[in-house]
Amino acid sequence: DTGVSQNPRHKITKRGQNVTFRCDPISEHNRLYWYRQTLGQGPEFLTYFQNEAQLEKSRLLSDRFSAERPKGSFSTLEIQRTEQGDSAMYLCASSSGLAEPNEQFFGPGTRLTVL
Amino acid sequence: EDQVTQSPEALRLQEGESSSLNCSYTVSGLRGLFWYRQDPGKGPEFLFTLYSAGEEKEKERLKATLTKKESFLHITAPKPEDSATYLCAVRLLTSYGNNRLAFGKGNQVVVIP
Numbered sequence: 016d017t018g019v020s021q022n023p024r025h026k027i028t029k030r031g032q033n034v035t036f037r038c039d040p041i042s043e044h045n046r047l048y049w050y051r052q053t054l055g056q057g058p059e060f061l062t063y064f065q066n067e068a069q070l071e072k073s074r075l076l077s078d079r080f081s082a083e084r085p086k087g088s089f090s091t092l093e094i095q096r097t098e099q100g101d102s103a104m105y106l107c108a109s110s111s112g113l114a115e116p117n118e119q120f121f122g123p124g125t126r127l128t129v130l
Numbered sequence: 029e030d031q032v033t034q035s036p037e038a039l040r041l042q043e044g045e046s047s048s049l050n051c052s053y054t055v056s057g058l059r060g061l062f063w064y065r066q067d068p069g070k071g072p073e074f075l076f077t078l079y080s081a082g083e084e085k086e087k088e089r090l091k092a093t094l095t096k097k098e099s100f101l102h103i104t105a106p107k108p109e110d111s112a113t114y115l116c117a118v119r120l121l122t123s124y125g126n127n128r129l130a131f132g133k134g135n136q137v138v139v140i141p
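From first to last, the protein sequence lines stand for chains A and B. The first sequence begins at 16 in the working numbering and counts up by one. The second sequence begins at 29 in the working numbering and counts up by one.
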């Protein structure tokens, strides 16, 4: 399967714990995005990477959130000291960054539940 | 502020009953409007990209159209497998070539056999 993959698919944690999610983009894609989606809402942009550089972060991304993309391949999103309000679906998307239309292709998401 | 509004929020259709979903947007300089399909518990699946007013794209029973202020997703003779949430998004070109998407809340469609 050459699509975007995310792990784990589901994560249940207690408030105050740290969690880390992984995203493997489509192999030839150099642009990677993280979005967050809550029930009944569309995905909201969190952060953007071009190769290994994190070039933009949403104001939604508090100091407890950190994302990395070492070597410009897979990416990780870590949430420290989780809060119940962090419960959501975390989606990763990638795109080629080359010729139009430059669609973003999404992974299956990681569902986070904070108890 | 850039906004995307989808209507209706929820729609129940009988199998074979055609209908249209609306996505209205207010952005300064559209750089692409995208439609995605999302099944429960899954990530959005890309359907269409539209760039300019008058453009149309088709895929099976789905047809997307674009005007200067809104887009429509027409579902012709829907089947139960067309039940899903349809998400509309506009691409916002910000700094450093960030083509981030701004999504609407979605149109939840249920097709009853």
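No lab work stands behind these hints, which were simulated from the structure alone. Each residue gets a CB set at the ideal place from its N, CA and C atoms; glycine is no exception. Wrong hints could be hidden among the right ones.
In the BS3-like style, the derived pairs of lysine-lysine whose C-alpha atoms are separated by at most 30 Å in a straight line are [to be verified]:
1. K97/B x K72/A
2. K86/A x K72/A
3. K72/A x K133/B
Chain B regions said to be covered by chain A (calculated; three or more residues, Cβ under 8 Å) [unchecked claim]:
4. 82-90
5. 93-105
May I ask which of the numbered hints given earlier this structure violates, with the numbers listed in increasing order? 4 and 5
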